[in-house]
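Based on the hints, put chain B in the right spot on chain A.
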Amino acid sequence: MTAEKLTYEEMEAKLGEAQEILHALRHHEVDAIVGDRDIALVRLQEVEEALHKAKAELEERVVERTAELAKVNRQLQETLQSQKRIQQQGERSARESREHAELLDLAHDMIFVHDMDGRIVFWNRGAELTYGWKREEAIGQLSHELLKTEFAEPLLRITARIIKEGWWEGELVRTTRAGRQVTVAARWALRRDAEGRPAAILEIDHDITARKQAEREMTEAWRFAESIIDTMQEALVVLDAQLRIISANRSFHETFGVDPQQIVGQSLPTLGSGLWADSALYHRLREVLMAGGSFEGFEIECNGGEPKAFVLSARPIRPPAHGAERILLVIQDVTLCKRQQRVIEADKEQLGSLTEELLMIEERQRRQIAQALHDSVGQSLAFSKRELNLLRQRGPEEVRGRLQEVCAQLDDAIKHTRDLTFELSPSTLYTLGLQTALEELAEQFAESEGFHCQVEGPGDGIPLSEQVRSLLYRAVRELLVNVAKHAEARNVRIILDHDEQGFRIAVQDDGKGFDISILKGRGKGRGFGMLSVRERLVHIGGAFAVESEQGQGTKVTMTIPIDCGQPSSWGFEGRST
Amino acid sequence: MARYRLRLFIAGDEINSAAAKASLDRICAEDLGGDCRIEIVDILRDARLAVAEGIVVTPALLITGPGLRTVVLGNLTDAGKVRAALQRGSEKP
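Protein sequences, first through last, are from chains A and B.
Each residue of the first sequence is one higher than the one before, starting from 1 at the first, in the numbering used here.
Each residue of the second sequence is one higher than the one before, starting from 1001 at the first, in the numbering used here.
Pulled out of the complex, with its shape left as it was, chain A reads as follows (with noise of 0.2 Å):
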C-alpha cells in the first residue's frame, strides 16, 4: 500500500483526532475500536469495575487465603513438629533397636525375627556363627527352609499357639550351612503392630547339641546299667528324696512279685504287706538323705505268709539330671542263708550239747575207771605187795632177794596206778573242791618240772558245778603244760577269784611270754591247746582272755558267769563230807 502524502493540516487533524481518542480512551468514554475488518468492544469501566471487584474479591480471598494460609502454616508447623517429634522418636527408636541389634550380638543364642511369612528380617551374630550365613545372606530368606527346621509338633500347630498365646517354647533340630544339625531350645515371641495384628516373630535359639548328646550317651550308659542290674540277683531300687520308687530292677519284681508299671511312683513304706513300713528303716534311710552317708547290712525280716529275711544297703546317688538326691537300695534276699544259718547253729548247739555230754560221759568214765583201778588194781596191788613183804621175811634166804624185788616192783605198779588214778580223775577235785584239786596238781607240776607254783584263792566253798569244776580243772592243766613245754618260768601263780558277777580263774606265768596273735590262727602247736581250752569255755558261756608280751610273761583268764558255774544235777562244789 501506498502511503498517502497528507497535508500540514491534515497531519494536524490526524493529531488533534489521536489526542481525542487517547482522551477518550482515558477516560474511558469509548465503547468500541473500528478496525477494517472486525470491531472490538472497548468495555474498560466494567473492566475496572470487574477489576476492582476482582480486586476487592481477590483481597478478600487474600485475606481470607492469609488466614486460612495462617491457619494452615499453623498446622503445618504443628504438624512438623509432630513430624520432627516423630522422626525424633523414630531416630530414638532406631537408635535403640541399633542399640538393641548389637545387643542381640553380644548373645550367644542365636536370635532372629521373621515376619508372618517366615522370612527373616533380622540375623544375630550369634546366629551368623552357629548357622554360618552372614546376616546380609539371610535376610529375607525363609527361615523354616533356609534351617531345614525339623519340628516335634506340626508348624500349623505351633503358629496357632503363638497367635492365640504370644508365646511357644520348644526343641527344633535345625541345619546349619555347612550341614551339620544342630539341636536347640527354642523360645519364639510373637510381635504386634499398632492395631494388633501378628505382625512378626523373635525365636531364640539355645543350642544344646552337646548337651541332648551328653544326655543321650548318660541314657544309654543309664540303660547299659540298668541291663547289668537287670542280671543281678540282688533287688535294686533307686528312691526319691520322699521315698517314692523311681526304678526298680527285674529281681526286685520277682522276689516281692510286683508289676513294674505299678510300683514307680509308689512311697516304699506304703508297699506290700506292711514288710517296708519299718521306722527304723525309715529312719536310716531318711538319713542317707539328709547326711549323704550309707547303711550296710541292715536285716528286716518278714513273717507274714512265707517266712522272708532280707539284708539291705543303702548309698545316695546322684541322677544323670543333677536332680534331687537318690537312693540306692539294695536287698539282698538272705532267707535261704538265714534258714541254713538256723540250721547250722542249731547244729552247732546240738553238737555242742553233745560234745558236753560225751565230755560228762568220759568224765564219768575216767572216774569209774580211776575208781575201779584204785579200789580193785590199787589194792589188790597193795594187798599183794604185803603178802610177799610177809613171806619175805619168813620165806628161806635163797628166795629173799627175788621177792625183795617183786616187792619194788609192786611199789612202782601201785605208784602208776596212783598216779594213772589221778590222772584219770583227781578224786580230790570231787570230794575236796577245785581250789584243793589245783593245788595238788600245782605240786605236782612244782615237783616233776621244776617251777615253783603257787594257788592263791578264797578257798573252796564256790558253788561249781561238777562240770565245770572238770572243766577249770582240765583248763588249768593243759595251761600248765604250755608253761612248762614253752614258759621257760620260773614262778607260776594259780589265782581263783569270784564276785556277784562270775567265777575267775588267772594262770601267770613269769616266762618269755609269745606273740598271742598265734592264737587267730587255726595251727596246731601251742595255740592249739588254748583254743579247744576257750571253745569249751565259750561253749558254756564263759570267756578267756589271754595277756602277753615277748619277755613279759603270760597271763590267761578265764571267766564263768554265775548262773553257768551253778551246780544243778551235779551237785555243789565243796569239800566232800
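Incorrect hints may appear among the rest.
[What the hints assert, rightly or not] Okay, derived cross-link-like pairs now, SDA-like style, lysine to any residue, Cα gap no bigger than 20 Å in a straight line:
(1) LYS1081/B - GLY16/A
(2) LYS308/A - GLN233/A
(3) LYS84/A - VAL72/A
(4) LYS5/A - GLY1054/B
(5) LYS1021/B - ILE21/A
(6) LYS14/A - ALA1052/B
[Claimed, not checked] Stretch by stretch, here's where chain A covers chain B in the computed footprint (C-beta under 8 Å, at least three residues):
(7) 1010-1018
(8) 1047-1053
(9) 1064-1076
Source of the hints: derived by calculation from the structure; they are not laboratory data.
Just so it is clear, CB atoms sit at the ideal spot from N, CA and C, and this is done for glycine as well.
Below, chain B alone, put in the same frame as chain A:
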C-alpha cells in the same frame, strides 16, 4: 432544512454509546431548539459507514456542514465541548 447535520456513531447499547445519545438529544433540544438532524449509526449493525468516514472509536459525533467536518469523541457528557464544536460549525456558513 435543519441547521445542523449530526451523525452519531455508537456501538449498540454500550454504556458510553447510550450516554452519548442521551447527551446529544438533550443538547439538541436545549441548545439547538430542535434545529438539528441526528443520524444514529450503530456500527455493530453496519460498520462500513464508520470505516468510510474514518471513524476509529465510538461513540463519535460527526458534525458535517458545508466545508466543515468535526468529530467529537466520547460520551458527550461534556456539553461544552459539544457546543464548542457546534459553534465552530455554525461560524462557517
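### Message
Please list, smallest to largest, the hint numbers that this structure does not respect.
### Response
The structure conflicts with no hint, since it agrees with every one listed earlier.
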